[in-house]
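Colleague: Protein chains in written order, with the UniProt record's numbering: chain A, 1 to 473; chain B, 1 to 473.
Derived from the structure by calculation, the hints contain no laboratory data. Just to be clear, a hint being listed does not mean it is correct.
Cross-link-like lysine-lysine pairs, in silico, DSBU-like; alpha carbons within 30 Å at most [as the list claims (entries may be wrong)]:
id : chain 1 : residue 1 : chain 2 : residue 2
1  : A       : 48        : A       : 355
2  : B       : 59        : A       : 319
3  : A       : 56        : B       : 363
4  : B       : 319       : B       : 86
5  : B       : 363       : A       : 88
2 protein chains.
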Amino acid sequence: MASNTGFQSNHHPSRELEGIAQKIGLRLEDRAFALHMDREDPLCHLRKEFAFPKMKMLKGVDLSIVDPEEDCVYFCGNSLGLCPKKTKEYMNIEVEKWEQTGVQGHTNGDLPWAWCDEVLDGDMAKIVGAKKDEVCLMNGLTVNLHLLLISFYRPTPQRYKIMFEGQAFPSDHYAFESQIILHGYNPNESMVIMQPREGEDLLRTEDILAKIEEEGNSIAVICFSGVHYYTGQLLEMDRITKAGQAKGCFVGWDLAHAVGNAEINLHDWGVDFACWCTYKYLNSGAGGLAGCFLHEKHFYSDLPHLRGWWGHTMETRFKMDRKWEPYVGAYRYRISNTPGFLCPSLKASLEIFNKTSIPALRKKSGLLTAYLEALINRKYGKPRTAGDGDGDNSHVYVNILTPTDPNQRGAQLSLSFSIDITQVFAELQKRGVVCDERKPSVIRVAPAPLYCSFEDVHRFMKYLDEALQALNK
Amino acid sequence: MASNTGFQSNHHPSRELEGIAQKIGLRLEDRAFALHMDREDPLCHLRKEFAFPKMKMLKGVDLSIVDPEEDCVYFCGNSLGLCPKKTKEYMNIEVEKWEQTGVQGHTNGDLPWAWCDEVLDGDMAKIVGAKKDEVCLMNGLTVNLHLLLISFYRPTPQRYKIMFEGQAFPSDHYAFESQIILHGYNPNESMVIMQPREGEDLLRTEDILAKIEEEGNSIAVICFSGVHYYTGQLLEMDRITKAGQAKGCFVGWDLAHAVGNAEINLHDWGVDFACWCTYKYLNSGAGGLAGCFLHEKHFYSDLPHLRGWWGHTMETRFKMDRKWEPYVGAYRYRISNTPGFLCPSLKASLEIFNKTSIPALRKKSGLLTAYLEALINRKYGKPRTAGDGDGDNSHVYVNILTPTDPNQRGAQLSLSFSIDITQVFAELQKRGVVCDERKPSVIRVAPAPLYCSFEDVHRFMKYLDEALQALNK
Ligand SMILES: Cc1ncc(COP(=O)(O)O)c(C=O)c1O
Ligand SMILES: Cc1ncc(COP(=O)(O)O)c(C=O)c1O
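Bound-form chain A, shown alone (with noise of 0.2 Å):
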């Protein structure tokens, strides 16, 4: 079992939702269970804090065989999240203070753009287990991994490598190759690639930790994703940043697709540095600020950074003396001033998570994920034995690649067909099912807790169905 998140590794959830269904007297197929579960779901009422996008706005949607006013099934939060029903109020604040106050609007109100992340970061480092001097808002994710790797990835002809997964992020691939380039270091050399085993497709820690032992010598940096993108599989960010540390590398951490939907203790864990983007799970919106968080452990150190005027202490700032005196902590690493239009949403997402807590939603999305998990596994899961299909899907099978461990997962699912998923999804999209498709051959669901309900699985399982038979024919 990871150590970093709560599920028992002798009580998979989806025990807990046969159990309950023995209890009532359903079968987890029946959408009466599904009724019952958000009944019972303690975060139900979040739901109603996002606008959910209807059946008949969506491109793709037929409107012929949906309820144009019904909702969407949205399964795409782990891409973008849905927007807090708060974002209308609080960015007309904003531009209306600018249309009042024009330059005053620097100081004034809720969100004062010369420190409106600033109001915001705290809530953020609580969700990443960090303390607030150690976290901090601004630019995109892969602009702050590259101003974090300008610290951190220092390569000697000893140690020149950085370490990532074989299938990561191609904006992360793209910046660890151009920051080895730019140290004058050969990519090929200097890339170490975790692969899956022949024939798998996740990652084990072992082998993780196995190569870390034998290469961690000459590597730099090790930089993983929290939550893989593709597969969906959390990795044990514990472990593998202890045993880098071990060996000398500094360990860094991609939380995209971890934030809001993993337990994350970045200072607990030790880890040198991290940064994450908050328009997924944390619903700000289309390219909203990102984070960044810079261990307590670095405040002092002397790594060079590239510097700007937003790293320098407010007390001192305007005084324009150009006398570098930097915040202690994350903020150090600031450098242009914050846009002011990138803050509302991300208020009107924090406040949301407020009204609950990450293990709150970590157990309401290890039920939900698992419910979608024995759905699809019940009726599409392979191997099946012929004759024992209900109709003419029975030849459509679903591999779902993301581990079955909870507590190696979030939200999202990943599914794989044995029928092309071009057309899988086109069917899906008519039926105003929202999730994505990713190449090479993924279909991605992620049912993010904090506004998707079992009655949402019931359904996306009801349009799964309807798809591939429209297929089938």
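Fit chain B with the ligands to the given chain A structure using the hints.
Modeller: What follows is chain B with the ligands alone, placed relative to chain A:
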């Protein structure tokens, strides 16, 4: 005369003003003269495109001495431009798109988030005299400066210096300093800091050129501000660029105060790189998307740069195959996905720019700022012979740091006073004059030609008189 701007050296715009005044039988000091100028101003209709803060909405205004319903005198567009009225609508469209369509907003609407910057950068390019492919919109100014320096500042023991102005904007100063440190050089030995001559406030082109001649062989990068934030001086960008390049230096420009304020021809001048923010004369709101210019001649260069997925061509970006296929052009420098909520305001502003032209704006700006200068000089200019005062202000002098030559300045005038500016500033603020104090000793006033009127200049003078009278009591 600077070759990069259009004012005839023998025809200061103040002459034109005096000519008009004479013709219509008024003095410059007459309110009727200001009103006449506004009536004749071909750009005067653009003012109504902007939301003007009212006196009653501003902090620090004493509503017993001004009309609460009156527009403020907004001379702060050099710091934060006013809000284009269309912003609210355009912002709302994006929020509603998110509410109604979730992730599909990436590819739908007027500003599809996946390429919302690309919709705008053609208009942006026109304003800086660049080809569309030479410009991209991303991040903040200082972040972009760093990204460009990563490419252009590649110090060697022979050529390792960065040349810039002594009173550089602090953020730029910190950026240069930290880049030097990043590469292991000593900032004290690696910064060629250009100071005005003893007793002078402004830089002389001849001195800059001489310095380039003298130290050019050891200078890697020259990077001045096109218009200086403190003095308002507009440098001869073309001559300095050519001189630097002749010595083998790369030459870049910080255009924060120049863009939308001066005529800029980055492409024709052969400038290597440039960056700017858009929240000043370009009215995009606090922390708006910044600009980045890469000259065409560098499109195929092998300068290293920091990579991210947004620099990867769209055609193959989502193949996710981790084969770096960058855009040809400035887009190559994009790293993270673009913030969707930073585009509506910029779009609203650029649409207004599209209703005029930089030469037309410059023409008005020349007159407007010359009008302000003339009124200040006539009333508060030094030297004054004893006894020519008008009442009890006779002993207050205002010194204008900014060059008198319209080819060497934009809209801004930087004023120093013979009395403490903190009090002057407070008294102006009481009367709804929005401008700013810049340490150590300057009040900056900038009648932005896009929305400020000759009447605003006249009102400013009235309030300045009152302010100084109040201080003399
Ligand atoms: C001349 C100049 N350079 C740089 C900056 C910093 O801009 P940013 O905060 O977008 O990095 C400013 C901001 O006012 C500026 O005036
Ligand atoms: C795992 C991961 N890393 C990096 C990124 C890139 O984020 P940004 O565009 O903010 O740099 C993403 C975006 O989806 C991501 O999923």
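Colleague: Now look at each hint and say whether the structure bears it out.
Modeller: To see whether the hints hold, each was checked on the structure:
{"no.": "1", "hint": "48/A / 355/A", "in the structure": "13 Å, holds"}
{"no.": "2", "hint": "59/B / 319/A", "in the structure": "22 Å, holds"}
{"no.": "3", "hint": "56/A / 363/B", "in the structure": "51 Å, violated"}
{"no.": "4", "hint": "319/B / 86/B", "in the structure": "37 Å, violated"}
{"no.": "5", "hint": "363/B / 88/A", "in the structure": "40 Å, violated"}
Checked against the numbered hints above, the structure violates hints 3, 4 and 5; every other hint is satisfied.
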